[in-house]
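Trainee: Protein chains in written order, with this note's numbering: chain A, 1 to 581; chain B, 582 to 1005; chain C, 1006 to 1292.
Hints are not guaranteed to be accurate.
Unchecked claim - Computed cross-link-like contacts, SDA-like style, restricted to lysine to any residue with a CA-CA straight-line distance of at most 25 Å:
id	chain 1	residue 1	chain 2	residue 2
1	B	Lys1005	A	Ile2
2	C	Lys1165	C	Thr1243
3	B	Lys826	C	Thr1007
4	B	Lys949	B	Pro895
5	B	Lys809	B	Tyr1004
6	B	Lys775	C	Leu1130
7	B	Lys949	B	Phe896
8	B	Lys826	C	Thr1243
9	B	Lys640	A	Thr540
10	B	Lys990	B	Val957
11	B	Lys987	B	Gly946
12	B	Lys857	C	Tyr1262
13	B	Lys826	C	Phe1258
14	B	Lys932	B	Gly674
15	B	Lys808	C	Ala1146
16	B	Lys809	C	Ile1127
17	B	Lys826	C	Ala1176
18	B	Lys640	A	Val127
19	B	Lys984	B	Pro999
20	B	Lys640	A	Val72
21	B	Lys1005	B	Leu828
22	C	Lys1165	C	Ala1176
23	B	Lys809	C	Phe1258
24	B	Lys745	A	Val252
25	B	Lys990	B	Lys906
26	B	Lys809	C	Thr1243
27	B	Lys826	C	Glu1180
28	C	Lys1143	C	Ile1127
29	C	Lys1143	C	Pro1266
30	B	Lys672	B	Lys990
31	B	Lys932	B	Gly909
32	B	Lys984	C	Gln1012
33	B	Lys808	C	Thr1243
34	B	Lys730	A	Val127
35	C	Lys1165	C	Glu1180
36	A	Lys394	A	Ile355
37	B	Lys857	B	Lys730
38	B	Lys857	C	Ile1136
These aren't lab readings, by the way, just hints derived from the structure by calculation.
Computed from a predicted model, the values in this text were never measured in an experiment.
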Amino acid sequence: MISTYALTVLTLMGIWSIVALGLNVITGYAGQFNLGIGVYMGTGAYAAAMLTTGAGLDFWVALPCALAISGVMGFLTGLPALRVREDSLAVFTIGLVFVFESLLVYLPYFGGPVGIGRIPHVTIGGVPLGREAYLALVLAALLLVIAANVYLKRAWMGLAWASIRENELATNVIGIHPARFKLYAFTIGATFAGLGGALYAHFIHYVTPYDFGFLPSIYILVMIVFGGIGTVRGAVFGACFLTLLPELFRFVQDYRNLIYGGMLVALMLYEPDGLLGDNSRLWRLILSVRSRVGEWFSARSSSRVAHSVGASAVSEAAAAGSAASQKTQAPIRVLETVNLTRRFGGLVAVNGVSIEVFSQEIFGVIGPNGAGKTTFFNMLSGAIPCSSGEIRLKNEPIHSLAPHRIAQRGIGRTFQIVRPFSQLSVIENVLAGIGARFCTGFVDALGQHHNALHRDEARMILAQTGLADYENEISRNLPLGLLRRLEIARALGLRPDIILLDESFSGLSHRESLSLLELVRNLRDSGATIILIEHNMQITMNICNRIAVLDHGTKIAEGTPEEIRANPKVITAYLGSADHA
Amino acid sequence: MCMYCAMAGLQPASSDASIESSHRERNHRLTRRGFNAGLLAAGLGASSVARAADSQTIKIGTFGPFTGPAAGLGTEAKKGIEFAVAQANAKGGINGKKIQLVAYDDRANRAEAVSVVRKMIESDGVQVIVDGSVSLTSIAAAPVANDAKIPMVAAYSNAVGVVKGEDHVFRWASVADVQGYVIAHHAMRERKYKTFAVLMQDEEYGRGVVNGVEKAVEELKGKIVYKKPFAPGEREFRAIMTEIKTLGVDSVIMAGFSPSLTSAARIGYELEVFPKAQFYISCSATEINWYSGIGQYGNGTIASLEFLASTNHPFTKEFVAEYTKATGEKVVSHQAGLMYDSSRLVFDAIKRGGTKADGIWRALGETKSFMNLSGVDVKFTELREPLLPIALAGWDSASQNYKLVKFEKDEALIDPRPWYKYYK
Amino acid sequence: MTLLIQQLINAVELGSIYAMIAVGLALTYGVLRILHVAQAGIYAAGAYIGLFLYQVTGSFVLALAGSVILAGILGVLIERFVYRPMLPRPRIVALIASIGLLICFSDLFRILGGPNQLSFDIRSLNGSYGIGHLLISKADAAILGGTILIFVSLWFILQKTRLGFAVRAAAQDIETTEIMGINVSRSVSWMFFLSSAVAAFGGVMVGVLYNAVYPDMGDAIAYKGLALIVIGGFGSLTGTVIASFLLALTEVFMTTYTAVPLSREAIAMLFLVLLILIRPQGLLGKA
């Protein structure tokens, strides 16, 4: 027989864990700073309470309604959140939760400041659930939410969220529409939080606006950061521990808040990843214990060493195979721009540029500074709209499509300033690129990426780009040369028809440049089509099949490297005319 | 320390020793930590261990916001009950048994209030609870005490919802609406005021008081010319007072907690809205914040109080003298006084009904009348609400204290029962 | 008409309080990109220290000066020992630490000074100056005067001194600034000193204005301050000042001329939410 006091504390631990997992989806997985999770918990709580008290519905009917309403609330608040980033978003969510609390107080419909009381007990078949049974219910719900979180993390959805979190600017080019996935995160996270709210309401049997305001929201955020943001174990541990702590510290009743605040500061100083975060001492200890135990077990079974060797053999063979198969195809026109123009007010940045790029060639776009090369690229990838003109990919017009759609159609690109998904490993970066093909819809995005099929494909790409040895390295730790390869590898995940390389050689040492040159050449030789922007003349001349030269937005020359080198207009554009020397 | 022990271990009561040192109290708890650490296995299973009441002591529970945002109210409340317990124990306890106080902090958090009430009932085995918390937490906790059949007396929360429908919960304070009703009647009948400006703290206490005001004004054909809500804790009233000044009302009535009452009074007197118009305020007027905050302003403000410590009644004077000596406080604050009084009521019920919850409950229910802190005989109604006379008192800047204006005993005005219909 | 002008004066008085607090936040945000919620704790600390010094010395001027300096030092300590180690981390770490600090501060004040409000009664600052029918409270006039002085000084420091230059440079690009040989960490420390000093000044003056020094006096302004720097456009001092006065105007006029029953806090937050929707970069922020 457990005392009802203990049952109360345990049930609250479960409820807060569920809400924390909801916030974990929004802030931990998708990286959207949300300091107002109370809005969703409160929506779920009030919706469920009003349905079971006012409308007299059974809890089991009211619950799905409350969940749906919470999800809608998540969606609706997510929409305006799309327009703001990071700190603005954080403050915006603070504003939201204050306004939410105020509305609940001032609109008499919601019961005013006294809130809604006498919320009935949950019944199964007419029999009200006792306290132990309710705890079981909460734990069941918690397990469900945990499973959902784990599943989502391993799905393309989770990878898309991780991409948005790590580097939102790089998501469009791998076919992920950040707005859509942010909305998914808000909706799903809000639903989980709403579940927690509904369970809370039917546990305390009384809800007030102040239960879901700013301070409670902050406490939930603290829970997930405390435990380890972005992890399921962190959210649950943080929620449980921080709910239990005030009870444990009743013997120093007077100082509980001081201890809580002090603990937060200390933790952020010494274990900023959270007590169970991926890099925390405690977690690494647990992992090492776990792996030692694992080793002890596997020492008894036959070795699986052969597996990884076999895998890389497979990928190299596949790479060779695709190289062979594609070399024999006749060249087709992959990309065409017709009179592509871009104006910024009175300034014409790109002036009627028309080019054609054929398969298996490296097409260079060069020109002096301010020539409009980057603007041109940005139009190709859809980052900025065209003022006029057309872009056709394999004869399909793409110039009016959103950037993520263009990526999905088959244009991959790299960035002048590298934008890797820093906290993700190398192979996860590539998987993110592969994910583009699967992130077309909500249901598709629920497919799991955590399986051999996709990993093998990713390994193949890593082999192709010479990154096989760095598979599990956190990309943040890589030097620039490898990061540039990584961006290419990520773009290859799309299985693109054409890859845009934006100043991929800038900032590289001589050796790194040579190495990258070889990679790009190999890519072309194995069938890729590439457009590159480059400042470095030597590299450009060395590697390109054909080159277009832009000056002040206009194409002034096009041809093979030899033709371009000899072209007087080009020389003038770069060096100025002899008269002004 | 193992978490199970902490959750279910016997918690030390707020010491029944001297109150002078809340310091010493803290040390008490710290040294008892070692004791608790020893209480191992009982852990989660200790539901009934503490239930078997020690025949030598009577356990009384209390809870309230001792830390956190409402800590001012909770700590004052705790002082009141601690003094009552010490005083009773010094006189030999009740029926020869000493009283042991079990006090928990709820931090004005509803979930925590539910937890601590469960804890004190199950782990500590309290037989009766004196509720030292604010309305919202009391409303959440009341059903818990009620379901466990432990009688509870709400000392200072004025919301109808605390008592209504919970047959084990009694109140010793007034219902908020009664205060407003009494104020408005005094304003219109005694002082012949006709036009009013109303400032309403927008939560159930403020709304309750203003409900009473509005009904009275309607009955007596007065007029509320201006009504503005404000959030609890608001201190900025300049704009509002500026506006009121232009309206030329006879009187301004304000319901809220002391920080707001004090700031509004200060600015109102500074801008000379008062004393030209008469300022009426609700019972939070005797919280510490008013005494420390009002400064040179406020002279003539009339407050509606549940008890008045500065009367001439011998009982009151003796209490005030003993209390100020024992605690070192200069005033008996609103919460402290009401908690003291509620404790006296509970002690009396224990004397009549025995040391078990059931007997105490019955005795409370049978209480027809009881003398309160102001020396006034207070009758009980069948709703477990008292027919509490309201002391209208005026603030005297010179003596920095309230002086009695009128004890409103008219049952037609102070009856809490008619107000129940406004609340679910 | 008099009412209108009087309310305008009231709004200006309120706005200067907000501005004083928000500017400190804008300064620290501008340099470190940290949402320095704990600033509110320093604000309250200023009030408590000022009250204590006043009780000890009997001189308001000494108390004010002492509080400003001590709070400045407190701010520097916080920057050095709490925020600086967190700079390489994701920004949520600093935010959580800041919140933790604020909670610590509030509880510390409650433990040291008691949970009820303490009186900070400066009789000479009670009452108002009358100009015709208009009244300007003496305490508010002092605040307004102080705010103007502070802004002029800050403007001068930022635009005309080397420290200010260093700070503005660091706000743009810390690495480059360091390469240029400027001691960024010292500039940042000075910045924290200044913003904490300003906050403490605000705390003392507000404590005197309402005759109330209490443990959670920081809470009310902590989040309003954040709202203000967002509305103003992160890091833009001028924007923050404008936002402060705009907000005060909105609060005063909504309370006076409309029947909208929202609290002032709710109004501020509603203002924030609507503004972010319409103009995500704030009033003077860059898109």
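Trainee: Compare the structure with each hint and give your call.
Mentor: Evaluated hints:
no. : hint                  : result
1   : B:Lys1005 / A:Ile2    : violated (34 Å)
2   : C:Lys1165 / C:Thr1243 : holds (16 Å)
3   : B:Lys826 / C:Thr1007  : holds (11 Å)
4   : B:Lys949 / B:Pro895   : holds (23 Å)
5   : B:Lys809 / B:Tyr1004  : holds (22 Å)
6   : B:Lys775 / C:Leu1130  : violated (35 Å)
7   : B:Lys949 / B:Phe896   : holds (20 Å)
8   : B:Lys826 / C:Thr1243  : violated (35 Å)
9   : B:Lys640 / A:Thr540   : violated (89 Å)
10  : B:Lys990 / B:Val957   : holds (9 Å)
11  : B:Lys987 / B:Gly946   : violated (30 Å)
12  : B:Lys857 / C:Tyr1262  : holds (24 Å)
13  : B:Lys826 / C:Phe1258  : holds (16 Å)
14  : B:Lys932 / B:Gly674   : holds (10 Å)
15  : B:Lys808 / C:Ala1146  : violated (29 Å)
16  : B:Lys809 / C:Ile1127  : violated (30 Å)
17  : B:Lys826 / C:Ala1176  : violated (48 Å)
18  : B:Lys640 / A:Val127   : violated (35 Å)
19  : B:Lys984 / B:Pro999   : violated (29 Å)
20  : B:Lys640 / A:Val72    : violated (50 Å)
21  : B:Lys1005 / B:Leu828  : violated (36 Å)
22  : C:Lys1165 / C:Ala1176 : holds (16 Å)
23  : B:Lys809 / C:Phe1258  : holds (13 Å)
24  : B:Lys745 / A:Val252   : violated (35 Å)
25  : B:Lys990 / B:Lys906   : violated (31 Å)
26  : B:Lys809 / C:Thr1243  : violated (33 Å)
27  : B:Lys826 / C:Glu1180  : violated (58 Å)
28  : C:Lys1143 / C:Ile1127 : holds (11 Å)
29  : C:Lys1143 / C:Pro1266 : violated (30 Å)
30  : B:Lys672 / B:Lys990   : violated (32 Å)
31  : B:Lys932 / B:Gly909   : violated (30 Å)
32  : B:Lys984 / C:Gln1012  : violated (35 Å)
33  : B:Lys808 / C:Thr1243  : violated (37 Å)
34  : B:Lys730 / A:Val127   : holds (22 Å)
35  : C:Lys1165 / C:Glu1180 : holds (22 Å)
36  : A:Lys394 / A:Ile355   : holds (13 Å)
37  : B:Lys857 / B:Lys730   : violated (52 Å)
38  : B:Lys857 / C:Ile1136  : holds (21 Å)
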